[in-house]
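Using the sequences and the hints given, assemble the complete structure.
Residue numbers (this note's numbering), protein chains in the order written: chain C, 22 to 408; chain E, 3 to 329; chain Y, 2 to 330.
FYI, nobody ran anything at the bench for these hints, they're computed from the structure.
Residues of chain C placed beyond 10 Å of chain E at every Cβ, according to the derived structure:
| # | residue |
| --- | --- |
| 1 | 228 |
| 2 | 321 |
| 3 | 367 |
Chain C is faced by these chain Y residues, among others (derived, beta-carbon under 10 Å):
| # | residue |
| --- | --- |
| 4 | 31 |
| 5 | 33 |
| 6 | 38 |
| 7 | 253 |
| 8 | 255 |
Because the structure is a prediction, the values reported are computed rather than measured.
Backbone N, C-alpha and C define an ideal beta-carbon position, used for all residues, glycine too.
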Amino acid sequence: MPILTVDMTAGTLTAWRKRVGDAIMRGDIIAEVETDKGLIDVEVFTTGVIESILVQAGETVPTGTVLAIIREEAGAPVSVAPSAPVEPIPAVPPAARLAPAPAGAITEVPGRLRISPLARKMAAELCVDPASVRGTGPGGSVTREDVERAAAARLQAPARPVEPPDRQARMRQLIGAAMARSKREIPHYYLGTTIDMFRAMTWLAEENLKRPVTERLLPGALLMKATALALREVPELNAMWRGTEAVPSPAIHIGVAISLRGGGLVAPALHDADRRSLGDLMTGLRDLVRRARSGGLRSSELSDPTVTVTSLGEQGVETVFGIIYPPQVAIVGFGKVVERPWVVEGRIVARPVLAATLSADHRASDGHRGGLFLAAVDRLLQEPGRL
Amino acid sequence: MIKMTYREAVRSALREALRGDPRVFLMGEDVGRYGGCFKVSHGLLEEFGPERVRDTPLSESTFLGAGIGAALGGMRPIVEIMTVNFSLLAMDQIVNNAATLRHMSGGQLSIPLVVRMATGGGRQVAAQHSHSLEGWYAHIPGIKVVAPATPADARGLLQAALRDPDPVFVFEHSALYGVDGEVDEGAAPEEIGRALIRRPGDAVSLITYGGCVGKALQAADQLAADGIAVEVLDLRSLRPLDTPAVLASVAKTHRAVIVDEGWRTCSFAAEVSAQIMEGAFYSLDAPVGRVCSAEVPMPYAKHMEDAALPQVAGIVGAVRETLGSHG
Amino acid sequence: MAGADLPPADREHALELLYQMLLIRRFEEKSAELYTLGKIRGFLHLYIGEEAVAVGAMQALTMDDGIVATYREHGQALARGIPAGPLMAEMYGKANGCSRGRGGSMHFFDVARRFYGGHAIVGGGLPVAVGLALADRMQGRPRVTACFFGDGAVAEGEFHESLNLAALWRLPVLFLCENNLYAMGTALERHQAQPDLRLKAQGYALPSEAVDGMDVLAVEEATRRAAGAVRLGGGPFLLELRTYRFRAHSMADPELYRAKEEVEQWKSRDPISLFTGRLRSQRLLDDADLGAIEARVAGQVDEAVRFAEAGPWEPLEDLTRDVYTPVHR
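Pasting the structure below:
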């Protein structure tokens, strides 16, 4: 099918003017083709005999399709055949594309912050100092997302022991903005279960008898370890949300939610919680609480957590469903250990029980996986000696 | 340094060119016997004769095309199209030949053609005689476009155009011909593509060219009385545009207002604004403003025409607006 | 203007004319084939049927004279002596094309041979030709600028402006109107109130003549006379060459506007057949001669295709090269 008009990519062969076996000469009209410009005659450029016809009248085929085979007669003038029907024209290599560069380079003014107008506005609203924000926009400029991220991190910024009143208000604002964003953007789902803590508490009591007072373990240590080990089994709850997907974290650093005197909350990391001994975890917990309340936390501790655990047992709350700290994808909640009626081998007994909850990002996991996680926590807490 | 009018400055450059290079000749409507519609070529026919100063019939397309052919044939023609309004008849020769023949032939030829045109409105000559279309010409790759605002530049840029191997279009605002200025006849040659700071400042960059430079300077005077130090940048050359100068000014002032007598939509000011956005985005404290002609064919009645064109009051207003509560 | 009575100057010259016409004919046929294969893209306007005009007229011009032509300029380019290889490569879009592949079929340029295009806007070349002639006159050079254009261009304002200006300033332009009776799809009598085109010259007080464009010797003779007059400083001349294109306006044209009978009638006056017939009857040409010429032409066309096939593509980095002339300070 020849190319007969400027943009032709296909044609309809409307009629053959010759038949198989006909002798044809160069310049003869062999067929008629319908194009968007109308009916156009197809001429042949060789002399010979039509050996076979491959496309029937009425068929529409792309240009370049072989319509018929012509056997060239010996002695007929042989013209130089071009190498291939359509030679590919070099594609535009990315490097050769001309970038729409302005004639002048972007002028740098020393001392002037590169921040977009939108980000500047947001920084004012969230009371973030633009100069302190790390920019990820073009040329290292500060974007809206950078400001939001900084605002969220500010929540975990170490609070001074005595906060001037307006600082408190600002912190409330920051927390509020971050939590609002979390709720707005993350599709939370919630699961809860009640765990029989009889074995855990019994073991804990016995264990603590063997330890000096300063090294005694609190139930929190068991909960942290169980959480960490359970996360090994359900790693999608230990991931970071990066734009369009959850990226599993290689290590398990539990962010421990610690309330601050005077209001506010931080959740610094208990690093590698799955690999540390209970005693080590306990020491770490004590240290975090002390430094959180005295303003001695390191910034890496604030940005390292891969999951958060919040426990309001001290406050007497039985069940807590937390709000996820982005870019994490889960927050585990533990309530107070309380004595409740429990069924053991068909009889009702009093047992210490604990409500464990999971608030998780439905983009990264689903109820089934979440359920497996809570089941694992339960299972692990039934064998406290192996934690 | 001599004080002379804009038209005298153009005439002196023409005279010097005609004297100095036998390849140079001037052709256009009424450039000879009439002395030029704006009296620019007054006296040149008498001095140089009808071969060097040629009156043409009213055939813009053909005499501009003949200018292209003559340049190809080794001459250095200066084609005068009486005003930009009539240049529309020659658009095909300009776009499809003058701008195109070099690239399309694979670099085999250069067209050292100079085309001068009067441009602009403000003299109550109504819609068909008041256009400012230099922005259209600045759109076309293959030609160069300059717009001198002072007598010194009228002379200097015409000299530069005559030395350029490619087609250069010189737009002379019709309201400037009688304006006085200092001209140094021994000055070094001007450069096409270089803007000039007419008045340094630090509050706002007032970027403009041609007939609006004077209005911008007047606006700057008014604002200075209120302590606002406006920087006035005269582009002088629309294609190529001195983008580094524009960006440097905005980097300093953080605000820009562009004054352009073309209609606002798809104006040359829009191009400058886009370049500022691309190159100085992070330097801006406010959106870039534009003061252009209203989107109407130029009316005849004076009060209407005045309202349609950029005026000093409008420029002052635009500067204050960009300064916001600071202004 | 009775071309049939004109004796050929000599056999060698006659065979040269025949060779040139056959070269154009076979080159155009090959171009048509390559277009259907997608090697040549865009627009392709074939000169088949009009060969006598380019070949005959070019005999009257020296290598010093200038030429401006239209988008149907393959005949003029070949007759001017631009080698077929760079012309074919130009249509392929290759960097070894006469315009570096920038122009394609409609924009052949060869400034060294004073061939100034290759113009795609109907009537757009006339002012440029006027300007080239103006430069020659102002610099005292006794040379001619030949401007080829079609009957369609006679309707454009630039035709009238250009004839007027050339006549007014007595410029050495040879206006060559190739009247093939159609402006694309519109027949002459449907676009010209006065279809006798040579009469247009009277409106501008310049001399004119009409010639049988299918008779290469008549074309040559008329053009020599006209060019001679122009060269002597007599001002411009309008020559109307009455011819016919055997193919469509371009490759994309289904020719709905003319009857096949009309085409066949004109084909009976094929300029190449007419000329070979006359030469045979005058015993200046036999089968062996014709065979030799065809073989020579075939070899050149094949070589042109090879040249084009082998040519490189212009590198993308050169895209913005030659928009402006580089200036060395």
